[in-house]
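Undergrad: Spelled out from the first residue to the last, the chains are:
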Amino acid sequence: DAMVIQNPRYQVTQFGKPVTLSCSQTLNHNVMYWYQQKSSQAPKLLFHYYDKDFNNEADTPDNFQSRRPNTSFCFLDIRSPGLGDAAMYLCATSPWGDGFTEAFFGQGTRLTVV
Amino acid sequence: QKEVEQNSGPLSVPEGAIASLNCTYSDRVSQSFFWYRQYSGKSPELIMSIYSNGDKEDGRFTAQLNKASQYVSLLIRDSQPSDSATYLCAVNYGGSQGNLIFGKGTKLSVKP
Chain U
185 DAMVIQNPRY QVTQFGKPVT LSCSQTLNHN VMYWYQQKSS QAPKLLFHYY DKDFNNEADT
245 PDNFQSRRPN TSFCFLDIRS PGLGDAAMYL CATSPWGDGF TEAFFGQGTR LTVV
Chain V
1391 QKEVEQNSGP LSVPEGAIAS LNCTYSDRVS QSFFWYRQYS GKSPELIMSI YSNGDKEDGR
1451 FTAQLNKASQ YVSLLIRDSQ PSDSATYLCA VNYGGSQGNL IFGKGTKLSV KP
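Taken in sequence, the protein lines are chains U and V. Its first residue numbered 185, the first sequence is counted upward by one per residue in my numbering. Its first residue numbered 1391, the second sequence is counted upward by one per residue in my numbering.
Note that these hints are calculated values from the structure, not bench results. Being a predicted model, the structure only gives us computed values, none of them experimental. Take these hints with a grain of salt, some might be off.
[Stated by the list, open to error] With a straight-line Cα cutoff of 27 Å, these simulated BS3-like cross-link-like pairs (lysine-lysine) come out:
| no. | chain 1 | residue 1 | chain 2 | residue 2 |
| --- | --- | --- | --- | --- |
| 1 | V | 1432 | V | 1494 |
| 2 | V | 1494 | U | 228 |
| 3 | V | 1392 | U | 222 |
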């Protein structure tokens, strides 16, 4: 089945140790999003790709970076995780078009920082 | 700053009742509106989408959009305990590039 897959589902990392979260999609969608969601809060958009064009939200910390080597894959790199970066990280995709289509979410990666 | 506002709740309704969830948004040029359901510890799943003023019905769910008032709502009829979840309102601000912004969500509890 076509879907959005995030790996790993659970990630434990040490304070300050770089970590990479991955997302892959078989939907061939042009738009890929990374959201951060902390407990009882809204998913917060970190950045998104429209094809190869990278769009960073103004309040996304420099500690967060992203790569999209091809249509299918997108990575979230956290260069020096702090305790405040512990959250669920959600990847989502959306088809290119007129902006009327919804986002399809992966299952998320729960990041713990110790 | 584009914003999506929701009452965080919790909203508690008895089983079989109608649950009414509300959302307002800040930017008049917004084109598309979505309701997602999120169970605890899970990722959001799409419930309804609406693009035009008026009502859109799908089973027990009805989405309502009023662009003049910048208001979108979700009605859940015959609420079931399995409907207990957080409901997220999302607004697409970015046209074809798809800049999707979420509200904080309303936590719904349906009591048997």
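Undergrad: Are the hints correct? Go through all of them and say.
TA: Each hint tested on the structure:
1. For a cut-off of 27 Å, the pair hint linking residue 1432/V to residue 1494/V stands: about 15 Å separates their Cα positions.
2. Pair hint residue 1494/V plus residue 228/U holds up; C-alpha atoms about 9 Å apart against a cutoff of 27 Å.
3. Under the criterion of a C-alpha separation no larger than 27 Å, the hint pairing residue 1392/V with residue 222/U is consistent with the structure, at around 20 Å.
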